[in-house]
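Participant: Single-letter residue listing:
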Amino acid sequence: MTPGSTPAACAALLRRDLTLAWRRRGDIALPVLYAVIVVTLFPFALGPEPQLLQRIAGGVVFVTVLLAMLLSLDGLFRPDIDDGSMEQLMLAPQPLALLVGMKILAHWLTAALPLVVVAPVLASMLHLPPPAIVVLVVALAVATPLLSLLGAVLVALAAGAKRSGMLLALMLLPLCVPVVIFAAGAVAAAQDGLPWIAPIAWLGAGLALAVVLAPLACAAALRIAMDT
Amino acid sequence: MANWVPLWLHRLGSPPTFYRFAGAVYPWALGLAFVLGAIALYGGLVVAPADYQQGDAYRIIFIHVPSAWMSLFIYGVMTLAAFIALVWRIKLAETVAMASAPIGAAFTAITLATGSLWGKPMWGTWWTWDARLTSELVLLFIYLGIIGLCHAFEDRRQGARAAAFLVLVGAVNVPIVHFSVNWWNTLHQGATIRLLGPSHMAASMVWPLLTMMGATKFYYIASLFSRVRTELLAAEGGKAWVRELAVAGVAGGKA
Numbered sequence: 001m002t003p004g005s006t007p008a009a010c011a012a013l014l015r016r017d018l019t020l021a022w023r024r025r026g027d028i029a030l031p032v033l034y035a036v037i038v039v040t041l042f043p044f045a046l047g048p049e050p051q052l053l054q055r056i057a058g059g060v061v062f063v064t065v066l067l068a069m070l071l072s073l074d075g076l077f078r079p080d081i082d083d084g085s086m087e088q089l090m091l092a093p094q095p096l097a098l099l100v101g102m103k104i105l106a107h108w109l110t111a112a113l114p115l116v117v118v119a120p121v122l123a124s125m126l127h128l129p130p131p132a133i134v135v136l137v138v139a140l141a142v143a144t145p146l147l148s149l150l151g152a153v154l155v156a157l158a159a160g161a162k163r164s165g166m167l168l169a170l171m172l173l174p175l176c177v178p179v180v181i182f183a184a185g186a187v188a189a190a191q192d193g194l195p196w197i198a199p200i201a202w203l204g205a206g207l208a209l210a211v212v213l214a215p216l217a218c219a220a221a222l223r224i225a226m227d228t
Numbered sequence: 001m002a003n004w005v006p007l008w009l010h011r012l013g014s015p016p017t018f019y020r021f022a023g024a025v026y027p028w029a030l031g032l033a034f035v036l037g038a039i040a041l042y043g044g045l046v047v048a049p050a051d052y053q054q055g056d057a058y059r060i061i062f063i064h065v066p067s068a069w070m071s072l073f074i075y076g077v078m079t080l081a082a083f084i085a086l087v088w089r090i091k092l093a094e095t096v097a098m099a100s101a102p103i104g105a106a107f108t109a110i111t112l113a114t115g116s117l118w119g120k121p122m123w124g125t126w127w128t129w130d131a132r133l134t135s136e137l138v139l140l141f142i143y144l145g146i147i148g149l150c151h152a153f154e155d156r157r158q159g160a161r162a163a164a165f166l167v168l169v170g171a172v173n174v175p176i177v178h179f180s181v182n183w184w185n186t187l188h189q190g191a192t193i194r195l196l197g198p199s200h201m202a203a204s205m206v207w208p209l210l211t212m213m214g215a216t217k218f219y220y221i222a223s224l225f226s227r228v229r230t231e232l233l234a235a236e237g238g239k240a241w242v243r244e245l246a247v248a249g250v251a252g253g254k255a
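Those protein sequences? They're chains A and B, same order as listed. When we follow my numbering, the leftmost residue of the first sequence carries the number 1, and every step to the right adds one. When we follow my numbering, the leftmost residue of the second sequence carries the number 1, and every step to the right adds one.
It is possible that some hints are incorrect.
[Said to hold, decoys possible] A partial selection of chain B residues facing chain A, derived with a Cβ cut-off under 8 Å: (1) L92; (2) F141; (3) L149; (4) L166; (5) S180.
[What the hints assert, rightly or not] Cross-link-like lysine to aspartate or glutamate pairs, in silico, EDC-like; alpha carbons within 20 Å at most: (6) B:K120 <-> B:E231; (7) A:K162 <-> B:D155; (8) B:K91 <-> A:D227.
Simulated from the structure, these hints should not be mistaken for lab results. Where is the CB? At the ideal position from N, CA and C, for every residue including glycine.
Work the whole structure out from these sequences, hints included.
Facilitator: Listed below in structure tokens is the structure:
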């Protein structure tokens, strides 16, 4: 790769973000710990009957993962905006959409992938049967990138705002309704012994659309939010 | 073909012209809204016969259905205004989009409230996870998110532009939400109670409904113009035309 070319710039940005995340490894564990603790609270609140927990396991794990991602999304662009590197990315000759796409990829690898890895443990804590756990992991593997991409657009919009934590939840959660419906629907279908590929396919279609459109929208939103 | 229409539209895009235009239209729109609303309420509550199945309880339809229609219509207007604002950077379009959001949210809230009042005697419950109710609720959340984002910025225009972008994101997402909620509902429960289709209605019930739809449209125009006028005054506070207006107002008050 020639230095300064677009692939080289993307690789360098990805390496930088992953290195930054690795230097602060403790932060990667925080969303996972959050998810574990939230899932642990459900049996305390609802009682330990395995039938009940099994019935709600898919939805609980999915909503917990969604909330854990929501917490980590706030830090997606914040450090770069604070130290001024976001302005440099915007001035770079490479397309901003691609660079932002790399940042989203790095965020998914560091914030969402650990949640997908820990999801089977959470699901078995709630007595989800193993065949349904496989479907849950597949659904999460397709749904979490979709949530990362969708969330990145909204984080970029709120980037210029003074207080964005609760605001992000207010903006993102209504737009996540389809993702939650399809992902939890796939797990519920697998639990009932029904074919579950259709909702996964819908999620995949949404992901294909989002991979193309979300970085472009995210770049446009960043330009609006940073326009001072 | 005379080109006075595009010319007039271009002139209307400038804040002082729109301020005067909106001020001239506002009392007429508000008056028409109240007159039509009163006629529609009279027609709906007194003239129209009671429903053979639902008795008098169905009469809330004359509020419920026009509000539901407006909740979507205003989102459409907002989307159009937001698109114009982002593509051509017209300040007035930003103001129109942001001033529409609270009105749309209010109509959505009215739809949900009247729907739940209607649901209690008819379905025996205030709330049911029916596809239509749920997508209307999500629409309310999207409206609130737009309002929240608009007010989270210190710079008024920047907030309006960010929120206008969110309007467009929401416009892509609202049909997906509606479709997926339908799918979710049909997966988990079979037939649900549907609202009565307007096509099955008697003519004596249809005309108050249509009149109320006209009244809500005029109310929207009046409310929007009034909001846009105050927004323009606040945003353009330092400009010469506002100063002239203020000076003229003081002079008129003294005389």
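Participant: Each of the hints needs a verdict: does it hold here or not?
Facilitator: To see whether the hints hold, each was checked on the structure:
Checking L92 (chain B) against chain A by beta carbon gives a least distance of about 18 Å; that is not within 8 Å, so the hint is violated. Using the Cβ-Cβ criterion of 8 Å, the hint placing F141 (chain B) at the interface with chain A is satisfied: the shortest such distance is roughly 4 Å. Annotation: interface hint on L149 (chain B) holds; nearest CB of chain A at approximately 6 Å, less than 8 Å. Interface hint status for L166 (chain B): upheld, as the beta-carbon distance to the closest one in chain A is roughly 6 Å, under 8 Å.
Interface hint at S180 (chain B): satisfied, since its Cβ lies 4 Å from the closest Cβ of chain A, which is below the 8 Å cut-off. Taking the CA atoms of K120 (chain B) and E231 (chain B), the gap is about 40 Å. The hint is violated against a cut of 20 Å. Proximity of K162 (chain A) to D155 (chain B) is assessed by CA-CA distance (about 10 Å); at most 20 Å being required, the pair is judged to hold. With a C-alpha separation of about 15 Å, the suggested pair K91 (chain B) and D227 (chain A) falls inside the 20 Å cut-off, and the hint holds.
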